[in-house]
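Which chain is which? The protein sequence lines are D and G, in order. When you read off a place in the first sequence, starting at 1, and then add 9, the result is the number in our numbering. When you read off a place in the second sequence, starting at 1, and then add 9, the result is the number in our numbering.
Don't take every hint at face value.
As the list makes no split between identical chains, a pair holds if one copy fits it or if it spans any two.
As the list claims (entries may be wrong) - Listed next, the in silico PhoX-like pairs over lysine-lysine satisfying Cα-Cα at most 25 Å (straight line):
| # | residue 1 | residue 2 |
| --- | --- | --- |
| 1 | K128 | K147 |
| 2 | K264 | K199 |
| 3 | K115 | K130 |
| 4 | K130 | K56 |
| 5 | K115 | K199 |
| 6 | K147 | K14 |
Honestly, the hints are just simulated from the structure, not real lab data.
Each chain is listed here by its residues.
Number of protein chains: 2
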Amino acid sequence: MDKGKSIVLIGAGNLASHLGPALCRSGYKFVQVVSRTIETSTLLAQKLGAIPETSFTNITADADFYLICVSDSQIEMVVRNLNPQNKFLIHTSGSTDMNIFSSFCKRYGVLYPLQTFSKNKEMDLAGVPFFTEASSPKELDSIDRIANSVSEIVQHGSSELRLYLHVCAVFTCSFTNQMYRIAEEICREKEIPFEYLHPLILETAVKAGRISPAMAQTGPVSRNDQLIMKKHIHLLEDHPEFRKIYTFVAASILKMNGHSTEFLNAQPGKDE
Amino acid sequence: MDKGKSIVLIGAGNLASHLGPALCRSGYKFVQVVSRTIETSTLLAQKLGAIPETSFTNITADADFYLICVSDSQIEMVVRNLNPQNKFLIHTSGSTDMNIFSSFCKRYGVLYPLQTFSKNKEMDLAGVPFFTEASSPKELDSIDRIANSVSEIVQHGSSELRLYLHVCAVFTCSFTNQMYRIAEEICREKEIPFEYLHPLILETAVKAGRISPAMAQTGPVSRNDQLIMKKHIHLLEDHPEFRKIYTFVAASILKMNGHSTEFLNAQPGKDE
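Excised from the complex, chain D in its bound form (with noise of 0.2 Å):
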């Protein structure tokens, strides 16, 4: 068991937020929280009855664990300035090798949760798949412990894995939740209550959990409804950047669907 060992939480953000409550609810102790500004340290904090930093100066030297809950931008940073040489320095990064601490000490690796998180929407972490990589099985171990101690989807995953996983993610995600921002605001220019696609979001994705993508596509791009997608482009012209958007998503629909994306050329936006 390694409940009860101490960890240095560094970065107070969307992650940080999330992983800090769930590990201490497991029974991990946080002795420091360090984060840019003062507010947000001590705010996390005081969640899990730690000590709020804002500079590396006064981080302990003995804890068991250092998680990393920074931006990818950030970390060589973080680990620069943490005098690393004795200490165990965990990253949570999709995109960033775990040789980026073999440099500058021995043991470390990589606890990754696969899930998209925001400090104002809560998120039950039992369900989040975890990519965990070490330095070695002994530090995997304690990796996995941690993992497991809040998520019942632990893997083992190498940092070439992970950047593939990361990939997906900003398309499933971020490029995913972009579509939603665009029919957002084309509900709000138009009055239309943006509630009224939820059931349709929501089915889109539980549907993506049952049957392949691949064999869900529906509406009139699968179908190369043509008269519709010229329809759609008209009524996208006051918007170049959704237009264009439409266009090349819509061609990369019908390449899939083995069709020609001819007329998609003819029409106006694409070269915008």
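Following the hints, put chain G in place on chain D, whose structure we already have.
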């Protein structure tokens, strides 16, 4: 009460195979199911206790409603073949104007369910928003009764509103599903179970119903993490199509967030 009123169903596709049985359970009586192939019309007709038909010559003249559930591009052909003059015609399309009926008959309208339907995926229509429109208040009342018999969300909506809703549906369903499909393809190639992405897909959809998609955006693109985006674009080198979509949708997110997209122009794939 309109229960017991008779319906001729034209079409036996995804929508007809969900709407027919639901209306049947609500007490509407289906007399005929018309479809181009005898197999599909027979299959659905049996479920509805109706007679299957493959041509328009045998269609009864005295049903209360003629419910048209065919592709948009087929609607006008269907109307011409229906000998429509004294019939009450209803179509179910998002992007087809109600006036498609106006030169053919006097009693007509639209019953548009804003949802994605697949034959092999069950669906409770109670939570599906239905948008109704008709040639007169009396006909609208009849169509509202049909909609209310299966759904709790029935709204009057013009043909223009429906067209905008349909464009939004293409973005939030068809285009979203295409993002899933691209991820599924990457997973397949890398032998990663697509199932790992289900919790993320579902949470992204659920979140859109709780907080605005404009606020819900997470990930490297919304953080403008150019290093990660470059890694991802590099990773997609064997898939110029996926790269193109990545670049365009990422640019759309960056622009909406007020970031420059200049670095994307220097990436491979932009002009492939």
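Here is what the structure says about each hint:
Taking the shortest Cα distances, K128 and K147 never come within 25 Å of each other, neither inside one copy (33 Å) nor across copies (50 Å). Proximity of K264 and K199 under a CA criterion of 25 Å is satisfied inter-copy only: 22 Å between copies versus 32 Å inside one chain copy. Taking CA atoms no more than 25 Å apart as the test, K115 paired with K130 passes in neither setting, with 36 Å inside one copy and 51 Å between copies. When the C-alpha separation of K130 and K56 is checked against a cutoff of 25 Å, the pair qualifies only within one copy, where the shortest distance is 16 Å, while the shortest distance between copies is 43 Å.
In this assembly of identical chains, the alpha carbons of K115 and K199 never lie at most 25 Å apart, being 58 Å within a copy and 30 Å across copies at closest. When the C-alpha separation of K147 and K14 is checked against a cutoff of 25 Å, the pair qualifies only within one copy, where the shortest distance is 15 Å, while the shortest distance between copies is 72 Å.
Violated hints for the displayed structure, listed by number in ascending order: 1, 3, 5.
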